[in-house]
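Since the structure of chain Z is already known, use the hints to place chains X, R, S and C on it.
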Amino acid sequence: MSSILFIALPLLFAFCVPLLEKLGRNGVAYASTLMQIFLAALAFSFFGLEHPQLEIIAIAPPLGISFVLDQASVFFVALFSSLMTLFSLYYLWQRKIKSYKNEAKFFILLNTLLASAVGLVLSNDIFNIYVFFEIAGISAYILTAYEKNAKALEAGIKYLLTGSVASIFLVLAIMLIYINIGSLNLALIAQNFETLPYNLKVLISLLLFLGFGFKVEIFPLNFWVSDVYEGSSTLINGLFSAIVVKAYLFVFFHILYLLLPSGEFSHFLIYLGALSMLVSQIVALKQTNLKRLFAYSSLGQVGLLFAAFSMHDSDAIMGAFFIVFAHSIAKMILFLSLSNIEEHYKSVDISILQKINAPYLGFIMLIAMLSILGIPLLAGFVGKFLILKSMALDGLFGAMAIILIASLLESVYYFKLSGYLTQKEERGTLLSLDLVQKILLSFLALLLVTAGTAPFLVLDFAAHAANVMLDAQSYIALILGAVQ
Amino acid sequence: MIGFIILFTFIALIIVAFAALVQKKLEDSIILFMGIGLGSVILFFTFNAPDVALTEAVIGSGVSTFIFLTALKHLRSEQ
Amino acid sequence: MNLKRKLALSDISGFALASVLVLTIFNVILQNSLLTQNSAGNALLALSSHEGVANAVTTVVVYFRGFDTLGEIAVLFIASLGIGLILENPHAKQGKKEESNFMLKTAAKLLFPIILLFGIYIMVYGHLSPGGGFQGGVIIASGVLLLLISSNNFHMPHKLIAILETFAGISYVFIGLIGLLLLDTFLGNFLPHDISQMGMLFSGGIIPIIYIIVGIKVGSEMSFIVQNLLQRGEHD
Amino acid sequence: MKIFNLIFSFFTLFIVYKLSSISWHVDLGVIQTSPIMIGLQASSLANFFALLVSFSLIMISFASWSYTLSKSFYLLLSLLSISLFVMLYAEDYLLFFIGWEVMSISTYFLLSNNLTQKALHKYILFAMLSALSLLLALMLLYSTSNSFLYADAHDGFILLEQSRQILLGALMVLAFFIKIAVIGTHYWLVDAYEEAHDIFTPYLSAILSKMGIYGLIVFLVYVVDISSLQEDYLSYFLAFIGVASSIIATFKAINEDSIKRVLAYSSIAQLGYIVTVLSLADGMGGALYHALIHTLVKLLLFINIAGIIFVTGRSKFSTLGGLIYKMPHSFVMLLIGIIVLAGIPPLGGFASKFLIYTTLLDAKYLLILSAMMFASASAFLYIYKLIYGIYLGHTTNKKLESIKEVPFSFLIPQYILSGVLIGISFYPGWLIVYLNTILSEMHLKALSFSNITSITTPHAEYNGFVVMSAFVVVFLVVLLFLLRLKSKTKEAKDRFDIAYCGEEPNIASHLHYGFGMGQELQRVSFIALILKNSSKYFYEYIASQTLSFSDVLKKIYTGKLNINFNLSVIFAIILLWWSLK
Amino acid sequence: MIEIILSYLNQDIVIQKIVLIGSMSLLLIGLFGLLTQRHIIKVFMSVAIMESSLFLFFIGSTFNKNFTAPILGDGHVDFIHMNDPIPHAMILTAIVIGMAVLALGISFAIEYFKLTSITDIDRMNEMKN
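Protein chains in written order, with my numbering: chain Z, 1 to 484; chain X, 1 to 79; chain R, 1 to 236; chain S, 1 to 581; chain C, 1 to 129.
Okay, chain Z solo, but in the shape it has when bound:
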């Protein structure tokens, strides 16, 4: 079973939705969830592989496009497909209360988003990455504007414009690469990227940084994120912060490690990531809308990931993997439960947390918040600790101080929320969850706790994945080796 199925099956599903609609009202929903479960199983089947695999499409690499499956990308693919399966399972029960208008299109967009995220992670051809960049973009624009009210449409327009500006920079970078290196295959580009004159190398890496910078939500370029989160519906926010951002992050650093293995700009990128975390936490202090607050908090966590990934150190990357895992799950929990709260209490203001009467949901949200904060015995702490440890070894105490101040500010507003949740006050009507939704949420929370209390279970896998991601030489050898 080749990894191309991650792209082929969702597209096949998307194209034959009109037929599936004949199967009755929820034919499409069940078909899509079944397919996603199959894809998740497929992703986990790849877990065992020791050395990376190559999937050729049409013709052999340096000319053709190919998918590369190594530990790091398999981790991301498995994370994305399992999160998407949980999301659609959750939505199957959520739609009893509020289902989206013409739901078939909603499911198509979900699947294309998943396909493009997986494509971004696996692809090995820079123009192919641009195509997936656009597919993920366009399905995200439509998902943002799905509600068709003034806020959603404005968010859609902003997201679309930022996306097209980003793709302009990216296309210019690809063109310069092709003109000067003559190939689109990442391995070949990486091989003779050093031979380029210095100022051209700087220009290309800057354009790539700008192209991906908008989507990776780094400090000066993430002005659009909070509007998009506030505009789009809560369920979709969960998808954005859990899957889309992580895919762009992985691709950017995958290319960075290939093109600049010696890490010329790493110092600047680390401090930019730390600064981005600090700024987003400071701005998050004064937010009253929960969706904007969670948006700024995920900006902060992405800033931390950015700093960790740009350290070119396998320990920091291991920590970053943990934080990716913990943050995606925690944000998925928060946004799924927030969508239930919004549905039942019709408001997303911070003060609503004082009035909700959902002890179970509150407890699960509490675990998610504590994990984001990096409290020990939860997954967030392991990641943050590993990152700080490797920063200490490199002597980056300035960045560490910024990150710790930012997490202090983060604990200010998160504990304000948990204070509201645990407050003994008269509460509104009881918000009852379906049994399945409860199981899903508690499964996610259980993941957080087990990863936090017993990290050694996954540590060696994460360490192996981090090393594989870092060493560009074996990646190039794998691809170019396949040709001879």
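Worth flagging that the hints you see were computed from the coordinates, not collected in a lab. Because the structure is a prediction, the values reported are computed rather than measured.
Below, computed lysine to any residue pairings styled on SDA-like, alpha-carbon distance capped at 25 Å:
1) Z:K22 to R:L160
2) Z:K355 to S:H121
3) S:K581 to Z:E194
4) Z:K416 to S:E195
5) S:K581 to Z:L275
6) S:K122 to S:D191
7) S:K560 to Z:T288
8) C:K114 to X:T70
9) S:K118 to Z:L408
10) C:K17 to X:L38
11) S:K581 to Z:N199
12) Z:K201 to S:W578
13) S:K2 to Z:T422
14) Z:K98 to Z:I37
15) S:K555 to C:N125
16) S:K18 to S:N436
Anything over 10 Å on all C-beta distances counts as not near chain R; from chain S, calculated:
17) D198
18) I368
19) F449
We treat Cβ as the ideally placed atom computed from N, Cα and C, and that holds for glycine.
Okay, now just chains X, R, S and C, sitting in the frame of chain Z:
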């Protein structure tokens, strides 16, 4: 001869593009935008790229201008 | 008065910013704009010679980089789906459109078959002469647009176009999967395609078939987009 | 659930006792990429504190017998105790940090259903500040020692260059000062103690502040190697801060109306003593001794107060008074408690003060010594107020006359505690033996020991047994005399049956003068200065500054797309020019 | 005189310089439009201009005057002395993607206009920060 054609069309393109953006009335700027489409088709043709020229002609100048015109129609109908 | 000056100021500052950025990009490219001859193109040209397809660009678009085209078809499909979703308003009032004048109607009746024929020609001969699926499909869509504008009682055959579109999409992915099955490379060219019959209609293996399928898909999607944009979803 | 808690606490005491006898060492795991050893080990210092923790846990579970508490309270309490044991027995700073943060978080949840939002928020922010500064300090240490173990923490510390050493010291001390709530950082403690559940406050004050002391000791002994600390800036700083906090806290305690706030300030003052004496290498013995005494006395006082609040439902001096006839047992327990708290000779409190004074005398910190004496002397004011305000004087209103003695569940722990305290007063030397094993393990100078009944220091010797027995004899004689006298006195009809200077008191006149004590001190300029400004304004200033700064930063995230695109182009230009140069 | 100019213009280097200068100035105009224009259609137009300038730059700089188009026809038998087809394929895909995104953006703008009758992107702040 090719060099001259390229130079001439580029200069025309630049003038038309600048005019299209600075233009106050929307109809005129969209018509000028058609000019850009035409210019780029000519250029692609001189660059020995017939496929791209055909695509640009049909999609780049054809459909995009149509899209802007319908946008104008809908945005105009309210005032 | 100061509003005018403020606007002017922002224009100048915008222009200054844009020019600084572009000039720096410009002079960096200027210093090393020499085309290295070892571009992958020559290798590809050599490879495409035994694909039995005259138009090298088509072999690259459909076969060598077929995955991009599949992705690009997905983009177009999602765009038409999104536009349909955004622009449909079920409670659209069927405003009485004034009758378009006589000349446009007769011209449309005359021109439509020619445009349709031209579009189909471009689509089918994509692998022999310039053009192909995308261009052919859009030309057909422009033909449909012409009809939409000219006559009021022309109603898009939604059922037919939807079936065409789904058929094309499914068969494209299936061809890819069969390629995966037979040659275990996705979108592999499994049909016979030797050079001898260069120039015949079905001489390029799966390439012309895919390009026709792409043409049908693009044609139907573009007509949906055009129809939604034009009437903002006031259709039946 | 109560039984479970009781069994759990006895179980912990049994385990601690068992563990203290054998020396064991368990390493939990190694993160293989960069070898980090995590493990638990038995150090006698840890055993000492673990003994304190399990002992106070038993007292708490006894006292909580008559309360109906939610199941989550007991679960969180046991989680808290487990985290304390993990922290105490950790042999490396990573496990110490994990225990430290789990402790803060479980206390946060224990406090969360009693405290007001503001007080809760203050507590958790300070707890997070201490945790994060501890984390930064760990990382600083790790950068040179490449391992978190205490063993090689010292040579890592030496490798750090001067500025980083100061930073490490400042962060580590800040983290522990927040938990000890030294004068600058006590902003959260008083409200937390006052509003916490009556039965949780004794645990909070007796144990959690001791964890700060334990952390400080570990830092001083393992990282900074206290013996080389004699004239160092750190010891002057610790001494000065300790004394300042004890003086200021004592005067702040005096004019408080709520009993729990008085006790909160008094625990800040007592911990101030410990911190002062920790600044000296050979002060460690006195510090540990005082820590033990302070734990026992605070448990006794807070449980007593909990009993009073449980029975009368009031916790303000102005609403209490004259309970001596209704609650004689609690009165006697409180009497013993405040004598120990005051540190006056007969009872054990004096032994630890005596050790502390002699160490300060040897080290010639005379100014510090005099300030400390001044503070403990002026402590008498709030100590007397404590006993007078609640038990002596006239009852302020009718309802107080109908109350009965505190339920038995409060009295058992108080009896045990006062028994232990009296035992220590009789045989102060008995502890010295135990302390010496700890000191020797930390290769510090051991206290001189002659016999179990007396403490000997180079300057003087205090024989507890003799003083205690003399005191008991005198006490009995006076008691007999008073009882004989009482049989002849006339029972007062009711509390208004007193005539003084010709006025007839009625319901309106306020007979109980105890609670007013200390108000007139404001006229004294030095004390008025202390009472007027508090650290509240400083913290509120910081909070308002950050919030206004966040308003400024919010401007970037306005919805205007045009401005943002200009910003990104500017950012691109800066990047390009900076890297092309 | 004109022949000299024409022959000068025909050199490859000069053509590449013209293409570079021309497309970069088009990019400059597009970026200028993006940064200053207020009306939503003008913004989309400047994005379209920037995209087409990139495409011109790419095809122009990989263009070789004395090679033919990459199609076998009227006499050419095998694929030698032909322009590199890969940029053509890439631009072909990019044009279609650009148009699809543009169409989607315009439909957002139309629907947004129908709801709030605002076309000036600076007045689009439904979300109070």
